[in-house]
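Trainee: Chains as they are written, first to last, in numbering that gives the first Met the number 0: chain A, 0 to 576; chain B, 0 to 576.
None of these hints come from the bench; they were simulated from the model. Possibly wrong hints are sitting among the right ones.
In this list, chains with the same sequence are indistinguishable; a pair is considered to hold if it fits within one copy or across any two.
Unchecked claim - Keeping only pairs whose Cα atoms sit at most 20 Å apart, straight-line, the calculated DMTMM-like set for lysine to aspartate or glutamate is:
#1 LYS539 x GLU569
#2 LYS507 x ASP533
#3 LYS288 x ASP127
#4 LYS539 x GLU498
#5 LYS507 x ASP535
#6 LYS444 x ASP545
Computed from a prediction, not measured in an experiment: that's the story for all the values here.
2 protein chains.
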Amino acid sequence: MLEKLTPEQIKDCTKSELNVLCDEIRAIIFDTVTKCGGHLASNLGAVESTVAMFYVFDFPNDKVIFDVGHQCYPYKLLSGRLERFSTLRQSGGISGFPKRTESVYDAYDTGHAGTSVSAAIGLAKARDLLNEERYVIAYIGDGSFNNGLIYEALSSLKILNTKILIVLNDNGMSISPTVGGMYDIISQIKENGRSENIKLLESFGLTYIGVKNGNDLDEMLDAMAEAKEKLDGNSVLLHIVTKKGKGYEFSEEHPTDTHGVPPVGSAKQKEYSEVLGETLCNLAEKDEKITVVSAAMKEALGLSDFFKNYPERAFDVGICEENASVLCVSMAAGGLKPYYAIYSTFLQRAFDEIIHDVCAQDMPVTFCIDRAGISGADGETHQGVFDLSYLSLIPNLTIATPKDTEELTKLLQFSATYPHPLAIRYPRAGKVLFAGDGKEISLGKWEYLHQSADKNAKVTVLAAGERCLIIAMKILQNLQAQGLDFDVVNARFIKPLDEELLKGLQSKHVVTLEDNMLLGGFGSMVCTWLNARDKDCKVKNFAYRDEFIPQGSIAELQQEFGVNCKEIEEYIQSVLV
Amino acid sequence: MLEKLTPEQIKDCTKSELNVLCDEIRAIIFDTVTKCGGHLASNLGAVESTVAMFYVFDFPNDKVIFDVGHQCYPYKLLSGRLERFSTLRQSGGISGFPKRTESVYDAYDTGHAGTSVSAAIGLAKARDLLNEERYVIAYIGDGSFNNGLIYEALSSLKILNTKILIVLNDNGMSISPTVGGMYDIISQIKENGRSENIKLLESFGLTYIGVKNGNDLDEMLDAMAEAKEKLDGNSVLLHIVTKKGKGYEFSEEHPTDTHGVPPVGSAKQKEYSEVLGETLCNLAEKDEKITVVSAAMKEALGLSDFFKNYPERAFDVGICEENASVLCVSMAAGGLKPYYAIYSTFLQRAFDEIIHDVCAQDMPVTFCIDRAGISGADGETHQGVFDLSYLSLIPNLTIATPKDTEELTKLLQFSATYPHPLAIRYPRAGKVLFAGDGKEISLGKWEYLHQSADKNAKVTVLAAGERCLIIAMKILQNLQAQGLDFDVVNARFIKPLDEELLKGLQSKHVVTLEDNMLLGGFGSMVCTWLNARDKDCKVKNFAYRDEFIPQGSIAELQQEFGVNCKEIEEYIQSVLV
Numbered sequence: 000m001l002e003k004l005t006p007e008q009i010k011d012c013t014k015s016e017l018n019v020l021c022d023e024i025r026a027i028i029f030d031t032v033t034k035c036g037g038h039l040a041s042n043l044g045a046v047e048s049t050v051a052m053f054y055v056f057d058f059p060n061d062k063v064i065f066d067v068g069h070q071c072y073p074y075k076l077l078s079g080r081l082e083r084f085s086t087l088r089q090s091g092g093i094s095g096f097p098k099r100t101e102s103v104y105d106a107y108d109t110g111h112a113g114t115s116v117s118a119a120i121g122l123a124k125a126r127d128l129l130n131e132e133r134y135v136i137a138y139i140g141d142g143s144f145n146n147g148l149i150y151e152a153l154s155s156l157k158i159l160n161t162k163i164l165i166v167l168n169d170n171g172m173s174i175s176p177t178v179g180g181m182y183d184i185i186s187q188i189k190e191n192g193r194s195e196n197i198k199l200l201e202s203f204g205l206t207y208i209g210v211k212n213g214n215d216l217d218e219m220l221d222a223m224a225e226a227k228e229k230l231d232g233n234s235v236l237l238h239i240v241t242k243k244g245k246g247y248e249f250s251e252e253h254p255t256d257t258h259g260v261p262p263v264g265s266a267k268q269k270e271y272s273e274v275l276g277e278t279l280c281n282l283a284e285k286d287e288k289i290t291v292v293s294a295a296m297k298e299a300l301g302l303s304d305f306f307k308n309y310p311e312r313a314f315d316v317g318i319c320e321e322n323a324s325v326l327c328v329s330m331a332a333g334g335l336k337p338y339y340a341i342y343s344t345f346l347q348r349a350f351d352e353i354i355h356d357v358c359a360q361d362m363p364v365t366f367c368i369d370r371a372g373i374s375g376a377d378g379e380t381h382q383g384v385f386d387l388s389y390l391s392l393i394p395n396l397t398i399a400t401p402k403d404t405e406e407l408t409k410l411l412q413f414s415a416t417y418p419h420p421l422a423i424r425y426p427r428a429g430k431v432l433f434a435g436d437g438k439e440i441s442l443g444k445w446e447y448l449h450q451s452a453d454k455n456a457k458v459t460v461l462a463a464g465e466r467c468l469i470i471a472m473k474i475l476q477n478l479q480a481q482g483l484d485f486d487v488v489n490a491r492f493i494k495p496l497d498e499e500l501l502k503g504l505q506s507k508h509v510v511t512l513e514d515n516m517l518l519g520g521f522g523s524m525v526c527t528w529l530n531a532r533d534k535d536c537k538v539k540n541f542a543y544r545d546e547f548i549p550q551g552s553i554a555e556l557q558q559e560f561g562v563n564c565k566e567i568e569e570y571i572q573s574v575l576v
Numbered sequence: 000m001l002e003k004l005t006p007e008q009i010k011d012c013t014k015s016e017l018n019v020l021c022d023e024i025r026a027i028i029f030d031t032v033t034k035c036g037g038h039l040a041s042n043l044g045a046v047e048s049t050v051a052m053f054y055v056f057d058f059p060n061d062k063v064i065f066d067v068g069h070q071c072y073p074y075k076l077l078s079g080r081l082e083r084f085s086t087l088r089q090s091g092g093i094s095g096f097p098k099r100t101e102s103v104y105d106a107y108d109t110g111h112a113g114t115s116v117s118a119a120i121g122l123a124k125a126r127d128l129l130n131e132e133r134y135v136i137a138y139i140g141d142g143s144f145n146n147g148l149i150y151e152a153l154s155s156l157k158i159l160n161t162k163i164l165i166v167l168n169d170n171g172m173s174i175s176p177t178v179g180g181m182y183d184i185i186s187q188i189k190e191n192g193r194s195e196n197i198k199l200l201e202s203f204g205l206t207y208i209g210v211k212n213g214n215d216l217d218e219m220l221d222a223m224a225e226a227k228e229k230l231d232g233n234s235v236l237l238h239i240v241t242k243k244g245k246g247y248e249f250s251e252e253h254p255t256d257t258h259g260v261p262p263v264g265s266a267k268q269k270e271y272s273e274v275l276g277e278t279l280c281n282l283a284e285k286d287e288k289i290t291v292v293s294a295a296m297k298e299a300l301g302l303s304d305f306f307k308n309y310p311e312r313a314f315d316v317g318i319c320e321e322n323a324s325v326l327c328v329s330m331a332a333g334g335l336k337p338y339y340a341i342y343s344t345f346l347q348r349a350f351d352e353i354i355h356d357v358c359a360q361d362m363p364v365t366f367c368i369d370r371a372g373i374s375g376a377d378g379e380t381h382q383g384v385f386d387l388s389y390l391s392l393i394p395n396l397t398i399a400t401p402k403d404t405e406e407l408t409k410l411l412q413f414s415a416t417y418p419h420p421l422a423i424r425y426p427r428a429g430k431v432l433f434a435g436d437g438k439e440i441s442l443g444k445w446e447y448l449h450q451s452a453d454k455n456a457k458v459t460v461l462a463a464g465e466r467c468l469i470i471a472m473k474i475l476q477n478l479q480a481q482g483l484d485f486d487v488v489n490a491r492f493i494k495p496l497d498e499e500l501l502k503g504l505q506s507k508h509v510v511t512l513e514d515n516m517l518l519g520g521f522g523s524m525v526c527t528w529l530n531a532r533d534k535d536c537k538v539k540n541f542a543y544r545d546e547f548i549p550q551g552s553i554a555e556l557q558q559e560f561g562v563n564c565k566e567i568e569e570y571i572q573s574v575l576v
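With the rest of the complex left out, here is chain A:
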């Protein structure tokens, strides 16, 4: 029935029709996600509450902001995006996250945790000042609810003196099981209605409404209507208990495995995260000072075994990227050897702590930065293309990127005795192994992966990380077939640059390749450095141009945004001939 249903018509449905609608939505999500990949369990749990929102509120005049956005698929299906839903997460297709440019029903773009309550308060305040009439809703999971930004927002609700509805979808899970003090407080309300905890919420300016089964449509419809009514008086926290993965048995039992699901049939390759986990376990066996910190992502980062084998030295602090950073710094100050594993895009949240705590104090914290470079289907909010730029501007920080998974192991071994801040960044999939020069890893030293037979090669390619080295070596193969040749360097340290190698360069042309923005990135550093030394060579930078990079396949996006194999090959060819 979804096919013929406009958003407005949902209000005219009977309850049994709405129940049918819920089943239909669940089936479409399951089918689509198993084909396209995406977030399964969280969306399945959000079906009834979303139907209830449509039944009670008037979108798009009313506004809802989905925190993180992992729960917006039912909303997308109900707001006229059924037909295009099969393009989920594909190039040019429906985004896996709310996207203002995609639909007037999407009020605010999300992707990172904890922004929804601030966003709702700001929209509500704009409504008040512009004398508009609408309801504004923040829809948030319990995992995000532990993020510090949520508390900053709740603390400002009274200051801004406005009214919002917060739907807290409590499935007892963030990506990892939810942890921490505030979750206890919510749990206590859920379990025994502790009135002092409800009063706490009231002191933030929130009226509390609880729903025992947020996957029961009747309960949800009543509660949503009650919430709307109570919004006349005060802001409302509607706390609904749902089952992540509701309706699909495998997903219900394994919500972490099914949080982000790759398309069925995609090849399983060795990932950098697996190598990270294995290597850290090996290092931790020899060094009792090693600790590991994660912000709600331990499985995806390859750390499950570490958490199993070294529970007393492994800490998952929930979606609290800043706290995780400072914990690492102070553990280091206290004599431990902490590793902080995190996705590139989420590390942005800890930028100030990297400067102010880690690097200004020159503490031996090692950042293991996964999903670096273009990450693909998640789109703008998840691309890991800024890290080389925002990290390289920070004094005292060493930055490395391995040429392959084996070199990740070597860099981690290097890190074990390295007494300063270190960031190691790598993509998800390891695809190839490169034969290197066989030398030990040494701070700031690069290696030649290929040296031209002509000792004075006209072109030297400096490539940062596996993806770029694959491109460089492929081009080398193509051009060698034409009798041309050039040097290829594994620029495994982004900072410090290998100044000795750069000084000794004989090539008239230096080409830089990186899976990062041009501005402030590796190529820009090389260019500025060579310029300052009056080096008589021409630098050509290949990196991403100054735009946000949408969803798509990694290879396509690399090509489109500036790391274009064909152009690079043509450039090298043009200067060689």
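Position chain B relative to chain A; hints supplied.
Mentor: Positioned in the frame of chain A, the structure of chain B alone reads:
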């Protein structure tokens, strides 16, 4: 008596001796701060509690982390730094903040708000894992207590399963009067001992102890001893109510005015913040959509009048830089025109929100970034030297820096109709006014402040902002006296660069000057840009080298770290002759 007292001897003092000690500390702080500048009121309020900590705990084996650090002067005086205290905040002297490199008594460097509880937990966990014996204390003001990072830390206290003491020094003020939901909760305990609020703290794993007068030494000594005892069982929150500025009447009555005090006798100059406040008031009069958001700094940012004149459109959300950012974005999404005024160094805390919320959604938020460039006496944690680098890597963001206070007004007028994200950065003091080319501000357009009589000048200096233009014009004056001449450009837009001007450059030498790091900064952008266009000219970048910049006078630090007038002059002279 302080002169002869070792930290260990404090334990042997009688109570009356300790009271004398408190008076002495207060007098020294008052005298020193009125000479050297620094934080007066917050430190005066912390005297008795600090003496009590020394009486009860064993520093430096026990560790205390001062949140932000505005309350560490009594601690410094008691830990052997009396003699050097007269060098407070001066080049090579005692830091105004805790500094590990300064003393073994300083356990953890601070400067930005909210890090102390995470830091204490990490140090305590290191103690546990390394089987050491010590107490770890986070000493924090009520203003910082509203920062999101504190909640992330409190939520992780149980996860890390360790014990710390939190001393919450509640003077009812952050820099601006403290605001928000959590402060209400603490206030309620203070005012009527609301037990549910105490229970809330217990659910975080904290035992609550309250002290009604934290400036009463007897009370403080008893409470501190009780806290130490209770730490055997659980973590403890010791909530002490103090008077900011205690002991100095003027300071007690005007705690905001005396928060940061300039040395007596320093010349009063027109500041950029005054111009910001005036201009925003004028703009707001004409445009009802204009709103202003501040994170606990409205007075220092020049916004007092705006808050007075437009209370319904002015929001101080406390020390919550991230929430402030997202509020601005969502206000913009809701149709308002928000301005977010903040110090350069604190904006680092909102880095992810600038990318993920402001710029990915291309929202017309204007950042008014004060204290940009070297800020001087506050040292490493407060230098505003990273902003051009961390902002310029973000797509969709326009970055400007005015040549003088009049141009700040013009840039703000430009911002009023500019429909995209905009960052305007400027230092504290406005020193001179420059005669420009008289043209209207236009996106990405620079202006010549001086063009050489020889139309094909050999050197063009591109200077970003007032401080650098002062240097450039001074050098011009010097070299003109020798019959030499060159062009000087006010590079008022850092992004986008004035590509037309750059393309048309005839000079063989381009010199860039900026009050920012070299890496990823303005000069690096110019260099990379010109290189990509095969422009036949030599670029020379003057900017700060890749090190943290300590406290000192602004002029000295500029010279020392890379914006060295003499070197710049010699360079220009060498290529002109």
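Trainee: Next, verify each hint and record whether it holds.
Mentor: These are the hints, each one checked on the structure:
1. LYS539 x GLU569: within (12 Å within a copy, 31 Å between copies)
2. LYS507 x ASP533: both (13 Å within a copy, 14 Å between copies)
3. LYS288 x ASP127: Result: close only across copies, 11 Å inter versus 54 Å intra.
4. LYS539 x GLU498: Close inside one copy (18 Å) and across copies (19 Å); limit 20 Å.
5. LYS507 x ASP535: Answer is both; intra-copy 7 Å and inter-copy 16 Å each pass.
6. LYS444 x ASP545: between (29 Å within a copy, 19 Å between copies)
The structure fails none of the hints (numbered hints given earlier).
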